[in-house]
Amino acid sequence: GENVEQHPSTLSVQEGDSAVIKCTYSDSASNYFPWYKQELGKRPQLIIDIRSNVGEKKDQRIAVTLNKTAKHFSLHITETQPEDSAVYFCADYTGGFKTIFGAGTRLFVKA
Amino acid sequence: GAGVSQSPRYKVAKRGQDVALRCDPISGHVSLFWYQQALGQGPEFLTYFQNEAQLDKSGLPSDRFFAERPEGSVSTLKIQRTQQEDSAVYLCASSIGPGDTEAFFGQGTRLTVV
Numbered sequence: 003g004e005n006v007e008q009h010p011s012t013l014s015v016q017e018g019d020s021a022v023i024k025c026t027y028s029d030s031a032s033n034y035f036p037w038y039k040q041e042l043g044k045r046p047q048l049i050i051d052i053r054s055n056v057g058e059k060k061d062q063r064i065a066v067t068l069n070k071t072a073k074h075f076s077l078h079i080t081e082t083q084p085e086d087s088a089v090y091f092c093a094d095y096t097g098g099f100k101t102i103f104g105a106g107t108r109l110f111v112k113a
Numbered sequence: 009g010a011g012v013s014q015s016p017r018y019k020v021a022k023r024g025q026d027v028a029l030r031c032d033p034i035s036g037h038v039s040l041f042w043y044q045q046a047l048g049q050g051p052e053f054l055t056y057f058q059n060e061a062q063l064d065k066s067g068l069p070s071d072r073f074f075a076e077r078p079e080g081s082v083s084t085l086k087i088q089r090t091q092q093e094d095s096a097v098y099l100c101a102s103s104i105g106p107g108d109t110e111a112f113f114g115q116g117t118r119l120t121v122v
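Here the protein sequences come in this chain order: A and B.
Everything in the first sequence is counted per our numbering, starting at 3 for the first residue and increasing by one.
Everything in the second sequence is counted per our numbering, starting at 9 for the first residue and increasing by one.
Worth flagging that the hints you see were computed from the coordinates, not collected in a lab.
Ideal Cβ positions, reconstructed from N, Cα and C, are used throughout, including at glycine.
Don't take every hint at face value.
According to the in silico footprint, chain B covers these stretches of chain A (three or more CB under 8 Å from chain B) [to be verified]:
| hint | stretch |
| --- | --- |
| 1 | 16-28 |
| 2 | 43-56 |
Here are some of the chain B residues that sit facing chain A, going by a computed Cβ distance under 10 Å [what the hints assert, rightly or not]:
| hint | residue |
| --- | --- |
| 3 | 45 |
| 4 | 96 |
| 5 | 99 |
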């Protein structure tokens, strides 16, 4: 069945360093890959997304890369700041009616 | 309001009690999703509505779970005879399209079954 694996589950970086979170998916029909950020006690919010016809997308300090052959996609955050601390979820949409989420990565940015 | 609104924010239910969770999606959004989020986990899909039609309910964990969206706007998730394992945050999300567009989440309802 559909599955999204996300690594690492916890990531601690120094302020100013880069953070990378990786996800793999199983359904070759997947065509839309959003990333959500969830701060403690708050709702998940979309921070960036990528579609299957694109290999990379960048928005200021955030970038996402997609490798369809290997079925994996990654979130890259550069020049991390304390306010980047949150749980990040990758997800994939296969064209049905459901978006499958990864288990999440808890990012700590130490000042 | 401008965003997805859920009520109540917190619900404590005694085991065996029925509960009803409400979701007000963004006006005009065709798609509505319910997710269950256990502590420390990602959201798990429960069910999907396109307008008033429930097109996918494959994620509902048992027949104690029931969802409806009778007029294509407000949705209610009902859980009958609650069990302790039902304790979780229940998230509602809405989007303009079926799934390949941004989903806007509500704040969630934290259900605790005691």
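Do the hints match the structure? See the list:
1. 16-28: violated (count 0)
2. 43-56: holds (count 7)
3. 45: With a minimum Cβ separation of about 9 Å from chain A (threshold 10 Å), the hint on residue 45 of chain B holds.
4. 96: violated (14 Å)
5. 99: holds (7 Å)
The earlier numbered hints that this structure contradicts are 1 and 4.
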